[in-house]
Amino acid sequence: ESNIVDESNTNWRDGQSLSNSSDDEKASVTSVKGKTRATKGTATDPQSLYARKRREKINERLKTLQNLVPNGTKVDISTMLEEAVHYVKFLQLQIKLLSSDDLWMYAPLAYNGL
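When we follow full-length UniProt numbering, the leftmost residue of the sequence shown carries the number 1, and every step to the right adds one.
Wrong hints could be hidden among the right ones.
Unchecked claim - When the alpha-carbon atoms are kept at most 30 Å apart in a straight line, the in silico BS3-like pairs for lysine-lysine are as follows:
# : residue 1 : residue 2
1 : Lys53     : Lys96
2 : Lys74     : Lys57
3 : Lys53     : Lys74
4 : Lys63     : Lys89
5 : Lys53     : Lys63
6 : Lys74     : Lys89
7 : Lys74     : Lys63
8 : Lys89     : Lys57
Unchecked claim - Label-pair ranges, simulated between beta-carbon atoms:
#  : residue 1 : residue 2 : range
9  : Lys74     : Asp45     : 23 to 31 Å
10 : Asp101    : Gln47     : 49 to 57 Å
11 : Ile95     : Leu65     : 15 to 23 Å
12 : Arg61     : Ser100    : 31 to 39 Å
13 : Leu62     : Leu97     : 26 to 34 Å
14 : Thr64     : Ser99     : 53 to 61 Å
15 : Asp102    : Lys74     : 33 to 41 Å
16 : Asp102    : Arg54     : 28 to 36 Å
17 : Asn59     : Val88     : 18 to 26 Å
Calculated from the structure, these hints are not laboratory results.
Fair warning: this is a prediction, and the values are worked out from it, not measured in the lab.
Note that beta-carbon positions come from the ideal geometry of N, C-alpha and C, so glycine has one too.
Produce the entire structure from the sequences given, and follow the hints as far as they go.
Written as structure tokens, this is what we have:
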């Protein structure tokens with residue numbers, strides 16, 4: 001009698017058989033020796049959930065910024081961020097020109113006849 005175990009069909013952690021792997025893949029959470037574990041692709045720990053929520057917020061805000069920056073949706077994120085910096089600087093200069101007593105006449109008029 002041999003004590004060799006065929007590990008190709010067992011769980012590495014506790015030696016449970018994986019022959020019913022299709023049932024395990026359908027479940028979103030499995031139990032191993034009383035512990036609840038997420039299956040591949042899902043996260044349950046608070047740090048992972050927080051990180052995912054943070055990434056979603058960042059992506060949402062990047063999409064908003066892309067829509068505000070001229071040609072923001074036509075370039076990659078890095079280029080869009082550079083363009084956003086230039087655009088904000090341009091807008092700051094416009095504010096400076098329009099609010100200056102001496103330089104307002106050089107800025108294009110926003111309203112006709114005023």
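Outcome of the hint check:
For the hint pairing Lys53 with Lys96, the CA-to-CA distance comes to about 38 Å; that exceeds 30 Å, so the pair is violated. Only pairs whose Cα atoms come within 30 Å are accepted, and Lys74 paired with Lys57 is accepted, the gap being roughly 21 Å. Annotation: proposed proximity of Lys53 to Lys74 holds, straight-line Cα distance about 26 Å (limit 30 Å). Taking the CA atoms of Lys63 and Lys89, the gap is about 20 Å. The hint holds against a cut of 30 Å.
The straight-line distance between the Cα atoms of Lys53 and Lys63 is roughly 15 Å, inside the 30 Å bound, and the hint therefore holds. Of the supplied pair hints, the one linking Lys74 and Lys89 holds, its CA atoms being roughly 21 Å apart against a limit of 30 Å. Between Lys74 and Lys63, the direct Cα distance comes to roughly 12 Å. Compliance with the 30 Å bound is thereby established for this hinted pair. Note on Lys89 and Lys57: the hinted pairing holds, with a Cα-Cα distance of about 25 Å set against a maximum of 30 Å.
A C-beta distance of roughly 38 Å is found between Lys74 and Asp45, which places it outside the suggested range of 23 to 31 Å. The hint said 49 to 57 Å for the Cβ distance between Asp101 and Gln47, and at roughly 55 Å that hint holds. Distance hint check: the CB atoms of Ile95 and Leu65 are about 19 Å apart, consistent with the given range 15 to 23 Å. For Arg61 and Ser100, the hinted distance range of 31 to 39 Å is satisfied, since their beta carbons lie about 32 Å from each other.
One distance hint, 26 to 34 Å for the beta-carbon pair Leu62 and Leu97, holds here, with the actual separation near 29 Å. Range check, Thr64 to Ser99: Cβ separation about 27 Å, and the 53 to 61 Å hint is violated. Distance hint check: the CB atoms of Asp102 and Lys74 are about 38 Å apart, consistent with the given range 33 to 41 Å. For Asp102 paired with Arg54, a C-beta distance near 46 Å fails the hint of 28 to 36 Å.
A hinted range of 18 to 26 Å holds for the C-beta pair Asn59 and Val88, which are about 20 Å apart.
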